[in-house]
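Here the protein sequences come in this chain order: A and B. Plus 13 on top of the position in the first sequence (first one is 1) and you've got my numbering. Plus 265 on top of the position in the second sequence (first one is 1) and you've got my numbering.
Just so you know, the hints here were simulated from the structure itself, not pulled from any lab data. A virtual CB, placed ideally from N, CA and C, is assigned to each residue, including glycine. Careful, some of the hints might be misleading.
Stated by the list, open to error - If you want the footprint, here are the derived chain B segments under chain A, 3+ residues with CB under 8 Å:
#1 391-402
#2 424-436
#3 451-462
Given next are the chains, with one letter for each unit.
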Amino acid sequence: MVGASGGGKSTFLRMLLGQETPTRGEFLVDGKPLPDEPGPDRGIVFQRYSVFPHLTVLENVMLGLELERAPLLGKLFGRKRGEVRERAAAMLDEVGLYHARDKYATELSGGMQQRLSIAQSVIKQPRILLLDEPFGALDPGISADMHKLILRLWEEHHMTIFMVTHDIKEGFDLGTRILVFDKVRLDPQAPNAFGATITYDIPLHVTSNKVLEEMAEAKARTERFSDGLVAA
Amino acid sequence: MRRLMNLRPNRGSGLLLGILPFVALLIAYLVASDIRMADNPNDKLLPGMSVFADAVQQFAFQEDKRSGDIILWSDTAASLQRLGIGLSLAALGGLVFGILTGVLPYGRATLSPLIAALSMIPPLAILPILFIIFGLGELSKIVLIVIGIAPFVMRDIGMRVGELPAEQLIKVQTLGASTWQTIVRVVLPQMLPRLIDAVRLSLGPAWLFLIAAEAIAATDGLGYRIFLVRRYLAMDIILPYVVWITLLAFVMDLLLRQISRRAFPWYQRA
């Protein structure tokens with residue numbers, strides 16, 4: 014999901030997450046509406062602040078499994094804890110954080126915290142994984158590593174991933190489908206006067222003439238591009 | 266020459282500078298005391314060191330003839346017990362209600378206005394009511410401390426919960442947490458060191474309420490003793506008691522800080 018700031022990408026993501034409810038329309042997965050609050054079927058990785066500072070790296074990943082198995086305390090003990098610990102350790106190995114398992118989460122660098130946050134969500138095997146500009150605050154070299162990681166996890170764990178990004182190239186590198194968010198009407202004097210929508214829905218790796226025509230047509234409907242502001 | 270604001274003392278000179286005002290204060294006292302003693306050897310207002318030594322010897326190391334107790338220790342025990350119980354109850358109540366108002370919008374809507382209003386009542390103004398309702402015994406003193414401290418702790422914890430990044434609370438829901446699990450695994454553990462901070466900030470007011478209550482109605486306690494001997498202008502007892510109270514407060518603060526550091530290594534102030 015790409016688009017200019019204020020274009021509604023993050024709002025769309027929050028609606029997918031259940032943090033906000035649409036005033037009209039609904040989100041359907043397999044014909045059933047999405048629950049109207051966040052839940053374990055949809056994982057999320059935010060740009061920042063989504064690891065728990067009071068837990069170690071390993072405990073951060075164990076948390077999701079512990080919550081599922083210990084409804085009262087959210088914490089396991091003894092043999093059950095051992096099982097969960099092993100699974101969490103395997104997950105950490107998969108994202109390359111096993112060596113840092115005993116550190117507190119906030120002792121990690123930004124890129125490592127994002128890996129941790131991804132591991133936290135993926136261990137719950139969510140149907141949908143939502144990524145809200147997860148690599149926006151990282152160095153370019155590090156985000157390239159993260160791209161490899163996310164593609165690998167996507168293939169291994171069979172999730173649908175929605176990702177918001179500012180970086181169009183990132184979108185084209187990672188995506189199978191790109192949703193472009195923009196305002197159809199744009200008043201330069203009052204940028205917030207009109208709402209935004211999905212202006213193009215681009216299936217990547219499909220370049221038939223029909224798709225190109227549809228895109229040109231969609232572009233013509235957007236005011237931003239009717240007065241010479243056309244971007245690449 | 267660098268600007269004054271850019272000049273920093275090194276470790277040694279910093280320590281020395283810190284001690285200097287204390288020494289200056291002591292010297293000023295000794296000089297003033299000497300001047301008064303020269304006029305009147307029985308002066309009670311600024312007694313000399315030997316008078317203090319005698320007084321301390323008497324109330325801190327000898328048994329009282331009437332009760333058989335060592336007065337300083339029995340006073341200290343009585344006061345610390347009241348303070349400890351009062352602060353613990355205030356901290357517990359503050360934690361529970363603070364988390365309720367911080368996590369649950371319905372809790373906040375219901376309780377926040379009440380807590381905000383209660384916290385504006387000057388606790389000493391309702392001390393007479395407490396004496397009437399709870400009598401002159403231990404209970405009224407403890408309740409005064411609780412009423413004085415708890416609203417502050419509640420509001421503070423409520424705000425600290427509000428400062429937790431919303432991302433954390435959303436994230437834990439996507440990991441499958443219920444409201445209760447979110448509280449016990451994410452909110453409560455992160456609030457404990459902040460609770461210690463709130464209690465440390467409350468130590469001053471807690472002592473204030475304790476001494477006020479003891480001064481008015483008690484048969485023992487540090488505040489009781491100070492106000493009792495005031496009748497005899499017994500500065501030789503009052504001043505050592507004040508120093509002792511200050512020392513106790515300082516040690517309590519130090520202990521709380523150490524506990525926070527040991528128990529919550531992840532919690533470091535930026």
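Hints the structure fails to honour: Checked against the structure, the only hint that fails is number 1, while the rest are satisfied.
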